[in-house]
Structure formats: C-alpha cells, structure tokens
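Undergrad: Single-letter residue listing:
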Amino acid sequence: MDLFLQTVINGILLGGIYIVLAAGFSLVFGVLDIIDFAVGEWVMLGAFAAYFGQQYLHVDAFVFLPVVFVAFFALGYAIQPIIFRVVSTKTHLPMLMGLVFTFGLSTLMKGSALTAWGYNPRSLDTFLSDTSLALSIPGLRLFAFVFAVAATLLFIGFLYRTRTGLAIRAAAQDRDKAALMGVRVKDLASVVYGLYAGMTGMAGVLIGAIFSLSPQMGAKYTTFAFFVVVLGGLGYVPGVFVAAILLGLINTMTTVYFNASYSFLMVFLLLFLVLIIQPKGILGRGT
Amino acid sequence: MSAPAAAAGGAAGAGRYRQWLGLAALVVVIVLVPFVLQGFWLRIATGVLMWMGLAVSWNIIGGYTGYVSFGHGAFFGVGAYTVAILMSRFGVSFPLALVIGGVLGTLASAVVGPPTLRLQGAYFAIATWALAKAFEQMANVLGITGGPYGTSLPPLINDHFFYAVMAVLTVFTAVATFVLAERSRFGLQIKAIRENEASAAALGIHTTRVKIMAFAVSAFFPALFGGAYAYWVTFINPQSVLGDPITDQMIIMALLGGLGTFWGPFLGGALLYILKEVLWIYWSNGTAYLAIMGFVICLIVVFRPDGLISFFQRSNARQPGPQGGEG
Amino acid sequence: MNNNATLITSLKTVVGRRPARLAVGLALGLSMLFAFSTAALAARNYYKIGVVTSLSGDYALGGNLTKRGYSTWARAVNAKGGIKVDGKRYKVKLVYADAQSNPKSGADAASRMIQSQEVDFIFGPYSSAVTLGVAPIAEKYQVPMVTGSAESPEIWKHHFNFTFGTIPSVDMTAQAPIKYLTEQSPKPGSIAVIGINDPFSKAAATGFDEAAKKTGLKVDSFDVVPTHSDFSALLSKIKDENPDILAVGGEPQDLIDVLKASASINFSPKAIVMHYGITDAGFRKEVGSTFGNYTIGITDWSPDANLKDDLFGTAKQYAQAFEKHYNLTPDYTTAACSATGEAFTAALQKIGAKPPLSRGQRVKLMKALEGIDIHTFYGPVNFAKSGAHFHDNSELKPMVVQVVDGDKYIISPAKYKQHDVVYPRPPFSKLLNKQ
Numbered sequence: 001m002d003l004f005l006q007t008v009i010n011g012i013l014l015g016g017i018y019i020v021l022a023a024g025f026s027l028v029f030g031v032l033d034i035i036d037f038a039v040g041e042w043v044m045l046g047a048f049a050a051y052f053g054q055q056y057l058h059v060d061a062f063v064f065l066p067v068v069f070v071a072f073f074a075l076g077y078a079i080q081p082i083i084f085r086v087v088s089t090k091t092h093l094p095m096l097m098g099l100v101f102t103f104g105l106s107t108l109m110k111g112s113a114l115t116a117w118g119y120n121p122r123s124l125d126t127f128l129s130d131t132s133l134a135l136s137i138p139g140l141r142l143f144a145f146v147f148a149v150a151a152t153l154l155f156i157g158f159l160y161r162t163r164t165g166l167a168i169r170a171a172a173q174d175r176d177k178a179a180l181m182g183v184r185v186k187d188l189a190s191v192v193y194g195l196y197a198g199m200t201g202m203a204g205v206l207i208g209a210i211f212s213l214s215p216q217m218g219a220k221y222t223t224f225a226f227f228v229v230v231l232g233g234l235g236y237v238p239g240v241f242v243a244a245i246l247l248g249l250i251n252t253m254t255t256v257y258f259n260a261s262y263s264f265l266m267v268f269l270l271l272f273l274v275l276i277i278q279p280k281g282i283l284g285r286g287t
Numbered sequence: 001m002s003a004p005a006a007a008a009g010g011a012a013g014a015g016r017y018r019q020w021l022g023l024a025a026l027v028v029v030i031v032l033v034p035f036v037l038q039g040f041w042l043r044i045a046t047g048v049l050m051w052m053g054l055a056v057s058w059n060i061i062g063g064y065t066g067y068v069s070f071g072h073g074a075f076f077g078v079g080a081y082t083v084a085i086l087m088s089r090f091g092v093s094f095p096l097a098l099v100i101g102g103v104l105g106t107l108a109s110a111v112v113g114p115p116t117l118r119l120q121g122a123y124f125a126i127a128t129w130a131l132a133k134a135f136e137q138m139a140n141v142l143g144i145t146g147g148p149y150g151t152s153l154p155p156l157i158n159d160h161f162f163y164a165v166m167a168v169l170t171v172f173t174a175v176a177t178f179v180l181a182e183r184s185r186f187g188l189q190i191k192a193i194r195e196n197e198a199s200a201a202a203l204g205i206h207t208t209r210v211k212i213m214a215f216a217v218s219a220f221f222p223a224l225f226g227g228a229y230a231y232w233v234t235f236i237n238p239q240s241v242l243g244d245p246i247t248d249q250m251i252i253m254a255l256l257g258g259l260g261t262f263w264g265p266f267l268g269g270a271l272l273y274i275l276k277e278v279l280w281i282y283w284s285n286g287t288a289y290l291a292i293m294g295f296v297i298c299l300i301v302v303f304r305p306d307g308l309i310s311f312f313q314r315s316n317a318r319q320p321g322p323q324g325g326e327g
Numbered sequence: 001m002n003n004n005a006t007l008i009t010s011l012k013t014v015v016g017r018r019p020a021r022l023a024v025g026l027a028l029g030l031s032m033l034f035a036f037s038t039a040a041l042a043a044r045n046y047y048k049i050g051v052v053t054s055l056s057g058d059y060a061l062g063g064n065l066t067k068r069g070y071s072t073w074a075r076a077v078n079a080k081g082g083i084k085v086d087g088k089r090y091k092v093k094l095v096y097a098d099a100q101s102n103p104k105s106g107a108d109a110a111s112r113m114i115q116s117q118e119v120d121f122i123f124g125p126y127s128s129a130v131t132l133g134v135a136p137i138a139e140k141y142q143v144p145m146v147t148g149s150a151e152s153p154e155i156w157k158h159h160f161n162f163t164f165g166t167i168p169s170v171d172m173t174a175q176a177p178i179k180y181l182t183e184q185s186p187k188p189g190s191i192a193v194i195g196i197n198d199p200f201s202k203a204a205a206t207g208f209d210e211a212a213k214k215t216g217l218k219v220d221s222f223d224v225v226p227t228h229s230d231f232s233a234l235l236s237k238i239k240d241e242n243p244d245i246l247a248v249g250g251e252p253q254d255l256i257d258v259l260k261a262s263a264s265i266n267f268s269p270k271a272i273v274m275h276y277g278i279t280d281a282g283f284r285k286e287v288g289s290t291f292g293n294y295t296i297g298i299t300d301w302s303p304d305a306n307l308k309d310d311l312f313g314t315a316k317q318y319a320q321a322f323e324k325h326y327n328l329t330p331d332y333t334t335a336a337c338s339a340t341g342e343a344f345t346a347a348l349q350k351i352g353a354k355p356p357l358s359r360g361q362r363v364k365l366m367k368a369l370e371g372i373d374i375h376t377f378y379g380p381v382n383f384a385k386s387g388a389h390f391h392d393n394s395e396l397k398p399m400v401v402q403v404v405d406g407d408k409y410i411i412s413p414a415k416y417k418q419h420d421v422v423y424p425r426p427p428f429s430k431l432l433n434k435q
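Residue numbers (the working numbering), protein chains in the order written: chain A, 1 to 287; chain B, 1 to 327; chain C, 1 to 435.
Quick caveat, the hints were computed from the structure, so don't treat them as lab data.
One thing to keep in mind: the hints can contain errors.
[Unchecked claim] Lysine-lysine pairs mimicking DSSO-like chemistry, simulated, CA-CA at most 27 Å apart:
#, chain 1, residue 1, chain 2, residue 2
1, A, Lys220, C, Lys157
2, C, Lys93, C, Lys415
3, C, Lys93, B, Lys276
4, A, Lys186, B, Lys276
5, C, Lys157, C, Lys385
6, C, Lys350, C, Lys88
[Said to hold, decoys possible] A few chain B residues that face chain A, going by a derived Cβ cut-off under 7 Å, partial list only:
#, residue
7, Val141
8, Phe295
9, Ile297
[What the hints assert, rightly or not] From chain B, some residues computed to sit far from chain C (all C-beta separations above 12 Å):
#, residue
10, Arg43
11, Gly121
12, Ile144
13, Ala176
14, Leu180
15, Ser184
16, Arg185
17, Leu188
18, Glu195
19, Ala198
20, Leu203
21, Gly204
22, Thr208
23, Ile212
24, Leu299
Here a beta-carbon is modelled for each residue, glycine too, at the ideal position from N, C-alpha and C.
Extracted from the complex, chain A is given alone in its bound form (with noise of 0.2 Å):
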C-alpha cells in the first residue's frame, strides 16, 4: 500500500511540473491558433539560462526563476508579431504555417544551442536537492509542484479577473469578433506570447533542476505539451492540472505496475483516444 501512495504521490508531484509547461502552450493555441512546435526549447533555454547563471553568478536557480520569467517574457514579446504575421496571412491553413515556422524556430534553437554549449548533459543543483520528506518526497519536487501549481493560479487569475484577461480570452474564443468589439488583438498576442514564453522558461528552469540538461532535450517536453494541452482542451488552461497530473499517473502507474517499457506508448495511445472520443478534452471544454 505504502508503493501505491508512493506511486500515486510520485504521479502528483511529477504532472505539477508540467503544468506550468502546458498553460502557457495552451492559451497560445487559443488565442495565436499556433502550436508551438518550439516549446521544448523555450524550456530547454530556461533550463541553460538557470545553469549558466549558477555558473557565473552564483545564483541559486530558484532565486532566479523571476529573472528567467522577466528575460523570456521580453523576449516572447519582441518574437510575436513576426509569428502573427505568419499566421495571419491570407494563405490557406495558417496553423498549418505557424506550425512548420515554430518546427523552424524549433531546429534553429536547437542547432544554436548545440554548437554553442555542445552536446554534454549537463547537471544544475539548487539549495533544494538533497531533501527528502516523509515518504521519501522529494523536497525538490514539492517545492516544484507548489510553485508550478502557484505560479499557474496566478496565471489564471490574471486571466479570468483582470479586463487584459478577459480581452484575450475573448480574443482567444473568436479574434475576429473580439477585433470587433475593440480589442487590440495585437498587442494581447505579444503579451499572451511572452507570458507563454516567461512561464515556459521557468517550467524549464524547474526542470533543469529535477533533471538533467542538455540541448536535445527540448523534444521531449514539446511531446508532453502537447499531451496535456490536448488532453485538458485546447485553449482552455484550467484544464491543464487536470491533464497534467493525469499524464504524471500514466507514467507512474505504468512504470511500477505494469512494464516500464510501455509507459510512453500509454500516453501517446491514450492522447489518440481522447482525440477520437472526445477532442475538446477530458473536460470537454477546448475551443
């Protein structure tokens, strides 16, 4: 019984990580109609950013999680109207182009970082690394999942109580109409995009201090964003935890009690089957 909370909390902690990773994806989609194939990079370049300013400023990662937020959001924001303008144009399929343009954005990052850092793996440490709760919980991780669950409510209650969140959730269930009722649709995409890209980094910065790092790292993340975005409904954030904490089960659940081998097969045939039964999500509510 003690293996099955173990596993059960092992879950838990596990999916918190990526929820601060899929709710930015997720109103991106919503509002910008893009999937961002880059997302793994943003959390791969998070991930660097907190190592190297380890490295050279001798900054714990979790004192810098803030600096991290602040530089991506900047960045994120200068990026967006060059991914607006992609998805805008009168072409057929613009998600479709907003896809292949963030694959692009995704190989660029990817072979900058290669031949800038190389290909060793690389290990960050915080203050946090070595402790250890009852039941063997790992303090890491908690401290994660609290500020991941954190620092996702708070995106929410910028998004559901503030007039700039009901603009882009407005913008994000019709852009159109909302351009119509006076939204500066616009100016909302580069704020929605550097938020993503803030909040994205800093899922990174959590995850370069559980795991390991390395430039291909970014891959795997972009694999469990989409997971979560589609099994929690795509546009709808809340859904995320929900989501989340589920894709964390899955893994858990299928590594101790069934074969570990299978456990990336479970999620990527479950993501399927929500797909054809119910593609708004588990919860039923994506756009």
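Given the structure of chain A, go ahead and fit chains B and C onto it with the hints provided.
TA: Relative to chain A, chains B and C alone:
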C-alpha cells in the same frame, strides 16, 4: 463549386497538354541521370527521388485535401518494417515483400483513417502525430521488430538497382497522383473538401468516403518507399524509420514547394534534400547546419508561404481559403 | 547565342513557362552534381583514412569522443613522419563525415568516402546502429573498417569480414563489476537492473542481469525503459525491494537522471553500478562529487594502467598529450579509437602495402588484421577469428573503476589497483551534505 472547377478548367485549357509533357520531361531526366552520375552521387539522386515521392504523397492528404497529417512517417515505417521482417525472417523476395508492405501500410491507414478523419485541423494533426509516436514506441518494445536493436536485411549494395527502384516508385507516384488529383473527379472532390467541407457535403460529395480514400492513397506510396528504403540501407531501427524527422521533412518539403500544387512537392523535395546534403557534405563538422536549416525554413514561411513554386506561377489560380484556416 | 534564345523561347511555348524553368533548373542542378562527381584519381604518398562518426544527433557525445581519438592517433603518427612501410614513411590524412546518428547517413558517408574519395580504409562509427548501416558497404567494396566504439554485441553476430572492433562488447565487460562486488563484504545478495531501451544500454543491462545470475545474486527487478523517462516511480518501486546493488545501463543524461531521482527519494543501495558515464570527464565534472560520488563503473582502459607502446609511450603520457591538446581527460572510447590506427599500422606493415591501396591490397589488409596480436598503450588488440564475437577485440579485459570525489580510480584488478573500494556506498543524505 465554381472555384475548383475554374481552377481545373484553367489548368485544362492552358496546360493540359503541358503537364503531361512536364511529366515526360521528368521521366527523361530520371532515366538519363544514372548515365551522368556515379556511386555516391547516384545515392544522392536516389534520395532526391525518394523524398520527392514522399512529399508528393503527403501532399495528397495534406495539400489537396487539406488534412494536415503529422504522422505520415508511420506508414513509411510500416512499409520498412514489413519488408525487413519478411525478408530477413521469412526469406520473402524483395518485390513480393515490397507489395505486401504497401498493402499493409494502406490497411493501417484504412483502419486509423475513419475515426481520425472526423477531426478537423489541429486536432487531426495532433491525432496523427500521437499515432505515429505510438507506432514508434511499439516498434521499440515488440520482439518481432528486434526492438531497439533494429533489424538487418540481407545486404544488397547496388547503387543502380536502388536508383531504378526509387525511380520506378517515384514515377509511379507522380503519374498516379497527377491522374488522381489533377485529372479525375476524385481530384475535384478532394479539392472541394479542402475549400469548404460543409459545402462539398451539401453538394452531394460523400466526404467521409473521399477523405478515407485520399488518406489511403497518400499512405500507400510512403509504405512502398519505406520498404525500398529498408532494403537500400540494409539496417533499420525505430528511430530511423519511425521517428519524427521523416514526417517533418515530408511536410516541410511539400510546404516549401507549394502546398496543394502538383509540382510544388517535387521542387520542395529536391531542393530541400539537396540543400541538406550539400550542407552535410561541405559543413559536416558542425551542428551549424541545423541552425541554418531552421533559419531558412523560417524565412520561407514568412516571406513566401505559397511555396517556392509560386516563383514559377504567373498567378495563384487557387482562391484564398476559409477565414482563419482550419480548426 | 541567338539560337539559344530561340531554343529556349520555343521550349517555353511548347511546354509552358513553368515546366520550362523547372527543366532548366533541373538540368543545371544535374550538371553541377556531375561536375562534383568526377573526382580526381591521383596517386598519392599518404594514407587516406575515412572517419565515419556521429558529430550530431543523439550520438554526438560519443561521436566526438571517437573523433578526438582518431585525430590524436593521426597527429602522433604524423609527428613521427608517418607509418613506416618497407623503409619509407607515409603520413596519414583523415577525411571526416558526420553520420548524424543514423544508419542511412552513415551509409551515405561510407559510400562517399569509398567511391568518391577513395579512402584506403575506414575508422568506424560510434554506436552499433550506425556501424550496422556502414558495415555492408565496407563489405561490398572490400574496405576494411575498424571501429573504436561500438560496444553492442549485435554487430559481431553478423560476421562481417571487413569490420573489426577494438572495444570488447558490453556483454563481455558487464560481468566485471558484478563479479567484483560479490567478492566484497558485506556480500551483496540482491540486485536491481535498469536499462534504457537503446542497443548499447539494453545490452549492458542484459549483461548485468546475466552476470548477476551467474554469481548467484537475486535479481529483484529488471526494467527496460524508454529514453528520457522519469525515474522517480521506477526507483520507488525498486527501493521497496531493497536491493543491495543498483545496476544501470544508459547514456550519461539518463544516468544523471537516475542518480538525482535516487537521491531525491533517499534510495541508497550499497553500490550503484553504471556501465558508462563515470568514465566520461563531463559526467564526472557535473555529478562526480555530488550525486555520482562512489558510483562504480567499467573501463576498458585507464591512464593509470601500466601499459605502453612505441607510438604514444605510456598510457599516462598519452593522457598528458591529449589533455594538453584538448584540455580534457581521455576516456576508454577515445583510447580505443587511437588504438585502431595502431591495429592498421601493424597490419599494413605486415603486408607491406603502400598508399594508395588497391582492392586486392585491401583484402590482404583485412586478412592481416585478422592475424594481428599487438600490445598497445590501450592494451592488447587481437581480433577474434570465430564465434559470437567475431572480429571483436575479445582479449582485452575490463577494469572496475569507482568515482571518489570527482576523480576516477581503478579498484580492480589488483595489478592496476589505485584505491580501495568504498563499499558500502555512503547514503545520499551524507553525500550531499558534505558540500
């Protein structure tokens, strides 16, 4: 329903005869190449053929029908593994194994097609992507595929033979696609679905059936190419035939060339593959070529989203799509 | 010139502007390729060696290790004026190609080197996947290939005549640390094995499993997981069984993940064995004093081993020269790659073949390689002539090593021992509080 008809009529009137000549010219070039290139360069040419064929196949479902499949590499992998397993474990001959591979790939698409094609836009893309990843995982854990160790085929190293195989497959794909997509009612139907699926249905097109057929046709050729590829490289593993790069490249080639056009994927396939190989040959010491490729892709999407073929077209015969695109 | 204009114009009117441009473009492209493809076939007074290895992609880390190893040998040999054959010295020149961590690119690279660049022989790739893509090509064109890093036993089962390896495969070497630990006290009784689902790591894990069974250890669990997995759940399950040893086959990134995950759940078995990783300087730098401290591993070579030869001097001298050039410590993969050149040297001298090598000479070279039995700074190089490890360097026996505070020490066999083993391993809580 006048837009696709006008487009087809326009094409028929001005270039009906020209398109066939273009195809004939392509065949002539393909036949001449092995007399001009040898050894390693013939391998490159073989690769160009294969990727042109893959881009053209993907374009059937992605460009012409408007359903963006992000998992098409799965069919390539099915063909590859079928040929690998049949030839190495059961001693089946290559031609027979290849045909079986093609059939199995098509069957797979017929099975996953119906539920998946009910989805629109982004959802369809992600569903196909998830499926392909699931296939990759399966290949990693099943015994018959050799798992992570992969499978070796009875080795045959013969540059001319494989060039011929790929040439035949590519020409077959090109002609079949041309006939189906540009010269038949089926072509009109899938283009109608892309333009506006609801209207197409209202006009009496059995959209579900047509979509499934398009999906199956678009899966058949990659399965054949996959089978040929397996025999060509003599060793495959899940990463090399079921990984993301196969699908990603198919899509980018079709897109860069010109989505939903006939010649676009040929151009995109040839150019991107040659660019990649040239960068690899002359810059192989670094990872900078990855960064360059990514940058080039971004440039093209931003500045020339209609694809490179638009440089060769006087006007874009297609009408702009439904507002906001799919999804 | 006027005629050309009319030709193009008439072409345009006949087939239309669009296809006409395409046809011209294709013709241009083809003629460019043709121009490239007619390579010069000159006589030369140096050996041209092709290096196929993964400089990008998943195997980039290992691929670069091999590249450094091969380059080091080339530099050393050229510094002495070249390989001495029949009284005259011939320098060596390496041509590199990136296999991009996939078999097709490896095959293309090999094809280019053999057919366009006409190399005399090949230094082989990192990873069995790429090697299996390259081997049939080497076989067809009869170009001998020796690889300094492909430890999966799969390769040798194919019995390729023209492919050899200086590293003993992992199913042979995995036994060493397990056997060693069973001789320590308190004697371990149980073991849990994790393997990443890639050819090398899975083979390593299988090797640990078999070694465990042979020595009578109880195997609590044997799990194969996809790469990039999260290990916390798996390790919780394993911790529940309380094994004495945790043995992991994986690449450095996964190994770091395992160590950090174990630390976070306070899982501290008496010994942690990892096949790769600790021999890699980057890994030791990142976690050698923290999570990875006291991890036990395997190495096929160490700078502190009492080995030497005429080209590099002692193992220590090899390491010093290497460090001076690259600012990194060489590991066994790098050393094995440097040794491939020595294998070829011995074989070339035996048959007296001068560059460029004809096909017939390459066949003789292959036969000569089969018969060599040399002792180098890396250890013995002697390729098996039959059996499951056909053409693998099965004579070389591995050493057991341990990381202590970021440095690597040999703990077995006794003749090379530098340090007493730290066993049982201090728990993570003590380890990390030391900082």
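Undergrad: Does each hint hold? Answer for all of them.
TA: Okay, the hints, checked on the actual structure:
1. Lys220(A) - Lys157(C): This hinted pair is violated, its Cα atoms lying about 33 Å apart.
2. Lys93(C) - Lys415(C): Violated. Lys93(C) to Lys415(C) sits at ~38 Å, over the 27 Å cutoff.
3. Lys93(C) - Lys276(B): With a Cα-Cα distance of about 26 Å, the restraint between Lys93(C) and Lys276(B) holds, given a limit of 27 Å.
4. Lys186(A) - Lys276(B): violated, 36 Å
5. Lys157(C) - Lys385(C): This hinted pair holds, its Cα atoms lying about 12 Å apart.
6. Lys350(C) - Lys88(C): holds, 14 Å
7. Val141: holds, 5 Å
8. Phe295: With Cβ-Cβ at 5 Å, under 7 Å, it holds.
9. Ile297: Given a least distance of 3 Å, the restraint on Ile297(B) holds.
10. Arg43: At about 5 Å from chain C, Arg43(B) fails to clear the 12 Å cut-off, so the statement is violated.
11. Gly121: Non-interface label stands for Gly121(B): nearest chain C Cβ at 29 Å, farther than 12 Å.
12. Ile144: Nearest chain C Cβ is 16 Å from Ile144(B), so the label holds.
13. Ala176: holds, 19 Å
14. Leu180: With a cut-off of 12 Å, Leu180(B) remains clear of chain C, as the shortest Cβ separation is near 20 Å.
15. Ser184: Check passes; 21 Å lies beyond 12 Å.
16. Arg185: Holds, since 24 Å exceeds 12 Å.
17. Leu188: At about 21 Å from chain C, Leu188(B) clears the 12 Å cut-off, so the statement holds.
18. Glu195: holds, 23 Å
19. Ala198: Non-interface label on Ala198(B) holds, nearest chain C Cβ at 33 Å vs cutoff 12 Å.
20. Leu203: At roughly 31 Å from the nearest Cβ of chain C, Leu203(B) sits farther out than 12 Å, so the non-interface label holds.
21. Gly204: The claim holds: Gly204(B) sits with its nearest Cβ about 34 Å from chain C, beyond 12 Å.
22. Thr208: holds, 35 Å
23. Ile212: Label holds. Min Cβ-Cβ 32 Å, cutoff 12 Å.
24. Leu299: holds, 20 Å
Checked against the numbered hints listed earlier, the structure breaks hints 1, 2, 4 and 10; every other hint is satisfied.
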